[in-house]
Amino acid sequence: MLIFRNSHFAHIESKVLIYHIFSVIILSVSLLLFLFFNHTENHFLASIACIFAHGIYSLTFLELWTLAQISYSKDIILAARDQQLNRQGIVYLVKVGDKKRKARLQALLSSGLVDCKKGNWFLTRRGRFLASFLNFILWLVSFKSVG
Amino acid sequence: MWIIYVFLALALSILLHSIIVRYYSSISRLTSFLVIGCAVCALLAIVVSAKYGLISFQLLASLLTYAFFSELYIFLFSSALTSISMNLLVKLRNKSMNTEEIEKVYDGRLMVEKRIIRLQTTGLLETTKDGGFLPTKRGLQLISFLEYLEKLFKNTINV
Chain A
1 MLIFRNSHFA
11 HIESKVLIYH
21 IFSVIILSVS
31 LLLFLFFNHT
41 ENHFLASIAC
51 IFAHGIYSLT
61 FLELWTLAQI
71 SYSKDIILAA
81 RDQQLNRQGI
91 VYLVKVGDKK
101 RKARLQALLS
111 SGLVDCKKGN
121 WFLTRRGRFL
131 ASFLNFILWL
141 VSFKSVG
Chain B
148 MWIIYVFLAL
158 ALSILLHSII
168 VRYYSSISRL
178 TSFLVIGCAV
188 CALLAIVVSA
198 KYGLISFQLL
208 ASLLTYAFFS
218 ELYIFLFSSA
228 LTSISMNLLV
238 KLRNKSMNTE
248 EIEKVYDGRL
258 MVEKRIIRLQ
268 TTGLLETTKD
278 GGFLPTKRGL
288 QLISFLEYLE
298 KLFKNTINV
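Residue numbers (my numbering), protein chains in the order written: chain A, 1 to 147; chain B, 148 to 306.
Excised from the complex, chain A in its bound form:
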């Protein structure tokens, strides 16, 4: 990822995610080939450990990338640090929030999770499945207020 950081590729969330998924697939296929020739229990367990270690690295990377690149809370702390979190500062942040909401709606539309017909936004089948799963997670952790 450090090699790709100068390219446009490393600045789009979905492409960073695809890069990591691709990397896990390459690792898994390589380990499967390795296991084909060395199929002992310890080799199998070591391969599982490698795949999940890569998973931990990828997940940590994506979390840090999101936090550093597109986090709204980061923008708010930055505005506070630059002593701009007053009335005008909040107006600016509200505009940023509106812009983010529009961009995310478009991203959900292009990923096929939501659809829009005659100005009406609704979930697709895939979107409904994901939304139900997220709702279950929110129920598990008993979140009363999100946003």
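Honestly, the hints are just simulated from the structure, not real lab data. Possibly wrong hints are sitting among the right ones.
Short derived list, chain A residues pointing at chain B, Cβ under 8 angstroms [unchecked claim]:
1. Arg-81
2. Gly-97
3. Phe-143
Just so it is clear, CB atoms sit at the ideal spot from N, CA and C, and this is done for glycine as well.
Starting from the known structure of chain A, fit chain B onto it as the hints suggest.
Below, chain B alone, put in the same frame as chain A:
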């Protein structure tokens, strides 16, 4: 067999966390899960090492599998709370909305206010005498770390 222990441990940590956050609703979801997750992880390590030995591939594989799924769970619930995309999905689950309705229920001002409250609760922002906000020492440390990461990732994104 070790994988069964891993999934039992995961189920136990999620269940315990779910019960505890219902009893102590003001508790930090992240901190409480980290504490419960680490305690259950220690229990998992004891059980697996008792069965397969302290220096075994089963122990290594089970700890890494457990750590991965725990991190995934933390990622999911923190995203469900703060991610704009995931929030929009959850809000659209209840009913379909037109653009104006979405703007009303997911208003920019409300988004800022909720985040300011959350940042105050987590000790990253504090209120000044004139009603403004300033980052705390922890908030400044976090920003320095994020700015370092931004340089590492070469930020070019505005949205």
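So, going through the hints one by one against the coordinates:
At its closest, the beta carbon of Arg-81 of chain A sits 5 angstroms from a beta carbon of chain B; the interface hint therefore holds under the 8 angstroms criterion. The beta carbon of Gly-97 of chain A is positioned within 8 angstroms of a beta carbon in chain B (closest approach about 4 angstroms), and the interface hint is therefore held. Interface hint status for Phe-143 of chain A: upheld, as the beta-carbon distance to the closest one in chain B is roughly 6 angstroms, under 8 angstroms.
This entry satisfies every hint, going by the numbered hints stated previously.
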